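Visitor: Assemble chains B and C onto chain A, guided by the hints.
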Amino acid sequence: MTEKPLRSLDRERAACAEALGGCRLQAFWKWFAWLHDRTGINLTIFYDPFDRHRFAEGFLTTVELAATCIVFSLLIGVIGAWLQGSKLKVPRLIVYWYIQFFRNTPPLVQLYFFYFGVGALIKGSAVGGVAAPLVSNFAWAVLSLSFYAGAFNVEIFRSGIEAVPRATIEAASALGYTRIRAYIHVVLPLAFRICLPGLNNNLVNLVKATSLAYAISVPEMLWVSSQIWSDEVNVPEMMITLLICYVALVGVLVFVMHRWEKAMRVPGFGAAAGLRS
Amino acid sequence: MSRALKGSGRHLPFTAAIPQGTDLPVLLPAAARAAGRAAAERGFGFILPQLKLQHGIFLVVVFILAAGVAEAQNAATHPSIVATLLKWTPVLFGGFLFNLLISVLAMAFGTAAGVFLGLAQISLLASVRGTARFITHFFRNAPWLVLLFFCMLLLPFQVRILGVTIPLPDWIKATFGLALPVMANVSEIVRGAIQSIPTGQWESAGSLAFTRRQTIWMIILPQCVKRMLPPWMNLYAILAMDTVLASIVGVSEVMTLTGDILAAENNRPELILPFYSYILIWFFLYCYPIARWTVRLERKFAVNM
Amino acid sequence: MTPQQGPPIVSIRDVHKSFGNFEVLKGVSMDVSKGEVVCIIGPSGSGKSTLLRCINALVAVDKGTIRVADYEVHNLKKDKELLALRREVSMVFQQYNLFPHKTALQNVMMAPIHVLRENKTEVETRARALLKKVRLENKADSYPGELSGGQQQRVAIARALAMRPEIMLFDEVTAALDPETVKEVLVTIRELAEDGMTCILVTHEMGFAREVGDHMYFTDHGVIVEHAPPDEFFANPREARTREFLSQIL
Numbered sequence: 001m002t003e004k005p006l007r008s009l010d011r012e013r014a015a016c017a018e019a020l021g022g023c024r025l026q027a028f029w030k031w032f033a034w035l036h037d038r039t040g041i042n043l044t045i046f047y048d049p050f051d052r053h054r055f056a057e058g059f060l061t062t063v064e065l066a067a068t069c070i071v072f073s074l075l076i077g078v079i080g081a082w083l084q085g086s087k088l089k090v091p092r093l094i095v096y097w098y099i100q101f102f103r104n105t106p107p108l109v110q111l112y113f114f115y116f117g118v119g120a121l122i123k124g125s126a127v128g129g130v131a132a133p134l135v136s137n138f139a140w141a142v143l144s145l146s147f148y149a150g151a152f153n154v155e156i157f158r159s160g161i162e163a164v165p166r167a168t169i170e171a172a173s174a175l176g177y178t179r180i181r182a183y184i185h186v187v188l189p190l191a192f193r194i195c196l197p198g199l200n201n202n203l204v205n206l207v208k209a210t211s212l213a214y215a216i217s218v219p220e221m222l223w224v225s226s227q228i229w230s231d232e233v234n235v236p237e238m239m240i241t242l243l244i245c246y247v248a249l250v251g252v253l254v255f256v257m258h259r260w261e262k263a264m265r266v267p268g269f270g271a272a273a274g275l276r277s
Numbered sequence: 001m002s003r004a005l006k007g008s009g010r011h012l013p014f015t016a017a018i019p020q021g022t023d024l025p026v027l028l029p030a031a032a033r034a035a036g037r038a039a040a041e042r043g044f045g046f047i048l049p050q051l052k053l054q055h056g057i058f059l060v061v062v063f064i065l066a067a068g069v070a071e072a073q074n075a076a077t078h079p080s081i082v083a084t085l086l087k088w089t090p091v092l093f094g095g096f097l098f099n100l101l102i103s104v105l106a107m108a109f110g111t112a113a114g115v116f117l118g119l120a121q122i123s124l125l126a127s128v129r130g131t132a133r134f135i136t137h138f139f140r141n142a143p144w145l146v147l148l149f150f151c152m153l154l155l156p157f158q159v160r161i162l163g164v165t166i167p168l169p170d171w172i173k174a175t176f177g178l179a180l181p182v183m184a185n186v187s188e189i190v191r192g193a194i195q196s197i198p199t200g201q202w203e204s205a206g207s208l209a210f211t212r213r214q215t216i217w218m219i220i221l222p223q224c225v226k227r228m229l230p231p232w233m234n235l236y237a238i239l240a241m242d243t244v245l246a247s248i249v250g251v252s253e254v255m256t257l258t259g260d261i262l263a264a265e266n267n268r269p270e271l272i273l274p275f276y277s278y279i280l281i282w283f284f285l286y287c288y289p290i291a292r293w294t295v296r297l298e299r300k301f302a303v304n305m
Numbered sequence: 001m002t003p004q005q006g007p008p009i010v011s012i013r014d015v016h017k018s019f020g021n022f023e024v025l026k027g028v029s030m031d032v033s034k035g036e037v038v039c040i041i042g043p044s045g046s047g048k049s050t051l052l053r054c055i056n057a058l059v060a061v062d063k064g065t066i067r068v069a070d071y072e073v074h075n076l077k078k079d080k081e082l083l084a085l086r087r088e089v090s091m092v093f094q095q096y097n098l099f100p101h102k103t104a105l106q107n108v109m110m111a112p113i114h115v116l117r118e119n120k121t122e123v124e125t126r127a128r129a130l131l132k133k134v135r136l137e138n139k140a141d142s143y144p145g146e147l148s149g150g151q152q153q154r155v156a157i158a159r160a161l162a163m164r165p166e167i168m169l170f171d172e173v174t175a176a177l178d179p180e181t182v183k184e185v186l187v188t189i190r191e192l193a194e195d196g197m198t199c200i201l202v203t204h205e206m207g208f209a210r211e212v213g214d215h216m217y218f219t220d221h222g223v224i225v226e227h228a229p230p231d232e233f234f235a236n237p238r239e240a241r242t243r244e245f246l247s248q249i250l
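Heads up: the sequence lines are chains A, B and C, in that order.
For the first sequence, this note's numbering begins at 1 and goes up steadily by one.
For the second sequence, this note's numbering begins at 1 and goes up steadily by one.
For the third sequence, this note's numbering begins at 1 and goes up steadily by one.
No lab work stands behind these hints: they were computed from the structure.
Bear in mind that the values here come from a model prediction, so they are computed numbers and not experimental data.
One should not assume that every hint holds.
Think about it this way: if two alpha-carbon atoms lie no more than 27 Å apart in a straight line, the pair counts; the simulated DSS-like pairs of lysine-lysine are [what the hints assert, rightly or not]:
1. C/Lys34 to C/Lys132
2. C/Lys102 to B/Lys226
3. C/Lys80 to C/Lys63
4. C/Lys139 to C/Lys120
5. C/Lys132 to C/Lys183
6. C/Lys102 to B/Lys300
7. C/Lys26 to C/Lys63
8. C/Lys34 to C/Lys77
9. C/Lys102 to C/Lys120
10. C/Lys139 to B/Lys226
11. C/Lys102 to C/Lys139
12. C/Lys139 to B/Lys300
Pulled from the structure, derived: some chain A residues nowhere near chain B, Cβ distances all over 12 Å [what the hints assert, rightly or not]:
13. Trp34
14. Ala67
15. Ser173
16. Pro219
Restraint-style ranges between C-beta atoms, simulated for each label pair [as the list claims (entries may be wrong)]:
17. B/Ser127 to A/Val118: 47 to 57 Å
18. A/Ile240 to B/Arg160: 23 to 33 Å
19. A/Phe192 to B/Val159: 50 to 60 Å
20. A/Ile240 to B/Gly130: 16 to 26 Å
21. A/Phe192 to C/Asp178: 34 to 44 Å
22. B/Leu86 to A/Phe255: 48 to 58 Å
23. B/Val159 to A/Val90: 56 to 66 Å
24. A/Glu64 to B/Arg292: 37 to 47 Å
We treat Cβ as the ideally placed atom computed from N, Cα and C, and that holds for glycine.
Just chain A, with the same shape it has in the complex (with noise of 0.2 Å):
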């Protein structure tokens, strides 16, 4: 008999709770408002909801770019550093190539080579009497970073895999490991180990460069920045706030990576620190 006040009780306490949390969000964005209106300072991206959709997609564009190149440009060195080693010449040749033009050139420029250049090539085809590309202008960011930061992987992994020992090897071979099983259980542990500082480095290169994006008017944050300052005037405020984001961002990439540097370090052998006197 007492099951049904309860309920009806449950929900409306959950109603008032939703009601109050979302007050008190309000309560939040609508601080900023406030600020505004006494110091001037205009941070429309708190208070005022499309500006704040607007940018938090901005956000989510620009770590969607970042972290599709990231695994996209590890897949890339993995591949290259293995093609590297091939056999014959020509997969060889074309790594090295490959390595060279994305290495010695200005990712702004291997930028618009994709998407001026390859994209005039690859025509969409005609729906309607408009012609829609095949390829979005994220995708031909996603293509020419990923190319970027895969040529410095190459080496990377390349310099890692080169560093273990063949005496390392042949001794998985001697004990019975394949080829591929000593490459995934030996040599690539080892390899990664070594590797790791070098990969952090590009990694955060990689992160940085997705700014570039911008030339191309892939709505990362950058752009999305830029629109809402042209629409509220509030240049400073937009700049200090992407420029604390991105170094946030950045900022979190390296402790991520610091972290699993160090996890991934072997105890045991710790650096020769002797306090001899």
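Guide: Frame of chain A; chains B and C shown alone:
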């Protein structure tokens, strides 16, 4: 030989441990090389380019191919690709020199500021050290393009000093914007070089009663100059290539000029690749000698050290 | 070589020093008279080099007192005071630590000119005389990179002498040299000692210590286990630990 550790000497700076990439002794030689390079790159904040003559040849080949293909696509009524390129070369070259000017100025300002920032990073006052470190990491973690925008939009279009109004045109603001990451990178180069000087030098200078300032300026920094030169020159090569970023913020340099020229030539698609590879060759011709000189300097200093 | 009578010029009382959690010096006391040659021996990690560095304040002590001439080293904090101390006490290091970007002559001349602010021509004359004393007058314009280990070490000694110190500290100065060059450095130090310089040496050269030293100190694990004049020290070591150490190295 005992090493002075942090906090043990009142007047000795932090000891720099050369970072170890791995602690596994079996991997030490190669790993140390890789780790050293990674540390160097981490210290310098960017990946070091390796320009070789083959790349120049490659670019020329691409250029010739592109020009050849474009020529083939060229309608008979239009002048040849080469003629078009030659017609616009003076304008393009002017734009290119402008890029070089921006790079030289940005490097000069950035280096001057960076040296002091780097010295501040090894200051004995924790507040100075912390601030310098924060500024360095802040400007190193921010993308170059964002910093460019920052300066373009937030620097005033003219500034009054001592009653004189100095206009700040776009390209000066872009120069300043490029100088900021240069400053941060130079700061890290300087700090890394100072910390790579063995503590023995600090100890012997200290035991000869040199003040800290004398030690830094007369003994440590002169030895650092050699070590800093190769990464500093690499930084310049990267900066020279990245001046094209200024085209995004509207500065009229070689990339924007190329875009304008292509528009003036009615946006013929066959001209895109020849023009851009033409520009790339110029950049290569400028950066390649710097790269070779850097490699030679590195070799020379490695032997002497 | 003949210590003078009177109060000791260096007086160390109950000095403790830790690096992080590791205690290097656990209560060391020592007296050195003017003109005395003191040799400190002991196994690696026993605190010998740290002790030397405490004497000229390259390392700050945690507890205890160090008095050098008129200076209370443990109390010195200001730059000026430390610099004044370091004019009285000069140190020569195991790794020579010459400034590689200056010639031998410039190395010797630098400190008197920039620290003591003496006249350049006077300093040059004195520097050349010092280089002559260590038998390197014809290497005055060579860079450290062009000199052998023994030659570099002798330049380092000349450089330390240019400051006209009262006390010289030598931190295992022959340990990084090959046997032939060790002798030339030891000869230089012996001449210094015979001229009446107060020397505190950390060394492994037992023969030299026995010949030139006035007093021997044996340190182990941060304490001074035993000290005695060399004849007594080497012939009749009192402590078992000393006997063990001497049997290993002699």
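Visitor: Can you name, in rising order, the numbers of the hints this structure does not satisfy?
Guide: none
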